[in-house]
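J.: Mind docking chain S on chain P? Use the hints.
In order, the protein sequence lines correspond to chains P and S.
So that you can map any letter, position 275 of the first sequence is 275 in the working numbering, and since no number is skipped, the others follow by simple counting.
So that you can map any letter, position 303 of the second sequence is 303 in the working numbering, and since no number is skipped, the others follow by simple counting.
Hints in this document: simulated from the structure, not taken from any laboratory.
What you are looking at is a predicted structure, and each value in this text was computed from that prediction instead of being measured.
For every residue, glycine included, the Cβ atom is placed at its ideal position computed from N, Cα and C.
Be aware that one or more of the hints could be misleading.
Said to hold, decoys possible - Among the chain S residues that face chain P by a calculated CB cut under 8 Å, a handful are:
(1) L132
(2) Y141
(3) W143
(4) N245
(5) S341
(6) N357
(7) V453
(8) T459
(9) G462
(10) E483
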Amino acid sequence: MKMTKILSLVLVLVMALACFSLVGCNEKKTYEITMWVSTTEGVDDLFMEQVEAFKAAHPEYDFTITIETVGEGDAAGEVLKDVATAPDMYCFAQDQISRLVQGGALAPLGAQAAATVTANNDPGSVGAATVGDNIYAYPFTSDNGYYLYYDSSIVSDEDAKTLEGILAACEKAGVKFGYELTNAWIMAGFFFAQPVEGGEPLCHNTWTYSADGKTVTGVDDNFNSDNGLIAMRKMYEMASSKAWLNTSGDFAGTGALVTGIWNAGAAESVYGDNMKATKLPTYTVDGKTYQMGSFSGYKLIGCKPQADETKAKLCSDLALWLSSEEAQLERYYEFQWGPSNKAAQANEDVKGNVLLSALLEQNVYSVPQGVIHGDWWNEGALLGEKCKEAGLTEADLKAALAEYEVKVNAMVAK
Amino acid sequence: MKKLNSLEYLKLSKSQALWYDVRMFFCAIPGWLKSLFVGLWKYIQNFGENVKDEVLDIINTFKKGNWAVKLSFLVFGLGNLYYGQVLRGILFLVFELVFIVYMALPSGGIYWINKVNWFITGQTVGREQGGLKYNPVTDTYGWVEGDDSVRVLLYGLLSVIFIVAFIATWRMQVKQCRINMDIKEKRRKINSAKDDLKSLLDEQFYKTLLTPSLLGILVFTVLPIIYMIIIAFTNYDAAHDGHANLFSWVGLTNFNEFTNFGSDGLSAALGEMVGWTLMWAFFATFTNYFAGMFVAIVINKKGIRFKKLWRTILVMTIAVPQFVSLLYVGRLFDRQGVIGSFLESANLIPESMIAQNDYSLWDNPLTAKILYIVINLWIGVPYVMLQATGILMNIPADLYESSRVDGANSFQQFTKITLPYMLFVTGPSLLTSFVGNLNNFNVIYLLNGGGPVNTKFGTMGGTQVGHSDLLITFLFKVTTGGESRYYLASVLGIFVFIVVALLSLVVYNVMPSTKNEEDYS
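Isolated chain P, as found in the complex (with noise of 0.2 Å):
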């Protein structure tokens, strides 16, 4: 009697097991998504809000989706702890994007997702979302460059247009200009400067990846010549003046300063009304004068390779509609970031922007950042370190450079 009530039991909860496996089986299947953005605030709201507008359009997608914050530019760092946990989906800073495709952390788009990025995003993001031969990602944003912020009242509209007028307006004053020397990204505006009467930028850096995106095979850099010195000379002059400051964010104190769009709060609480923005100045060497190049950045989304591959569509449709035309606009007015979607870039109210008009200017004079070897940013930043030595020589300079040039082509793979 004992046996036969004991085995019944354990058949109930057999088949109570099996009937539960089955409804699971029948359930179509709920996706879990995980997505890393902006930790501006209010960014995540926003991307909320367009997720939704995107399931209302797509009723054949059934996902719940988790957003969180992380840097743009600590996306990579975190995510390359273990790809394994890290999010399906991750807004990202480009110069990330040579580890990221390295770490077998970006899905490359399908043919019909990378038709799409590339006819309706302008060249210079297309290009920074490519490694080797494939497009990896969705541009986002094209505002990721850094232009001239001065107060007017300090730095006159004249003296704005050269650094030798800037810093002599700021010594004049007894306040600081603000340029970033030991941020490599900054730092390169010197290296690639062009001639104001037009022609090639002063030096060029450019990296070769291998077909799959994970080697480097090349770099062409030519940073140690006569024309990087022209920079690097200029570079250490200004060091050497007693208004320079080492910061692209901190404007207490500084009477112009070169840094990006999102610290154009920052320089309006300070500034006030005589903020104004423009591109960055002319610097002369030698009688020669140069117009200060820059790198342009952009903000991209990524999404994880997926073993599933409905997932994996998932994913990069709902990345096509984040990076659309309507939202990046969208974006644009609630936080003023330029958009890459070309026709979104038409749009009267981008245009009429003064900030980005002064990124657009600085603009027709910046070096589409590519994709660059990780190890580059803390060699370049080097540069600028030397130049805040005192009682440099011309010889000295040099030797940084060549120093430079035998480190940087030590980080090609052999």
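T.: The following block gives chain S in isolation, referenced to the frame of chain P:
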């Protein structure tokens, strides 16, 4: 150097005696090192002897044993079962079965161990490379899972540890057979399961208590350390992260960087770093110690009012999280920070610094180093003060009274009573704080990231070398820098371990607390 006898020593003047002590200290260091290595050598020798004894014991057990004992060399626990120890026997048997099943499973021990390609230079850790695969139907790229070197190595290592545990258990049960045989020979009673359990709560209670902590140490300390050491023999970095690109064994290549003795090689940079690390640990520890003690004594003095208020004010710095206060205080001294800009506008920056374009205290290597030590003082004094307050109250008051009767002034009281007592009690904690300061990441990194940058060395391991980088902050920068060189970090970690271990041993040997253990008891 000639050692003086006590009579000669007493003849020396005060300064001579001090000089003699200092010299004796440094002369003794080689001796300590020697005794350390002699000890190690003896240990190795003993180890050989022990192994021999063990093997002989095993052979004897097999020779003398009956069929059950002989068979238990293959089947765990048979010896115990034969002698009536059912519980032990079953536990041994279960362990063996679990081991065999785990090893033989399709994705079990042997599978993982086989995948690791242990230390074969040029071979990858893991065998199948994962990768992207295009699906034309959905027009997407999917990920085909391959091996993950990080996991392969971890599971392989765990399996090896399991094998070691298996061998140890085998030895243990063979030994128990022998013990049981001995007991039987002497016609005494063999412990039953009940006796065993009872004894675990009684005379062997320490085993019960120590087991969890021992397991914890094994899992959370020993295993990660072995794992990290193994990483030093691979090329694990951002380009070979184990997931998208398997990493491989590279033999001793990573250690070659240390033999690069050029003026701008890694070894030269490390040399400077070790120098500053030691200097920092010394100053950070002793400035805090003496300043903290001084503050405690002053507050403790009779006649000082509002004692609790002063203590509370000082302890406030502990209440604010260090991360916040260090970041904030570090920025105060920036060129555009409150103090930094005041120094500049009030022309308080020395001409010699301005001549070098150093407009803030953080820009100059020397002033930066001093600033680190001074700010560390502000962080560390409250801790020492609390500690010292407790100890000061513990010094018997009659010592002071009788010394006063004998005519000692307060300085003499301090050097002859307070300081020796303090040193004796706080010796071990001084050692730990010294070692802690060798690895004091927070203060150095959060205040100014180990800056200013040392342009003489430029970049090492893809990251900039700072003038005031400790080994530990440099290690952090190497790990988190552009190419995340985990292998180099591991090599550096081994290096840090050697430095810290040697220093700790030396310092531990000279502490009064260990030398004259009975003095104050």
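J.: Which numbered hints does this structure break?
T.: Failing hints: none at all.
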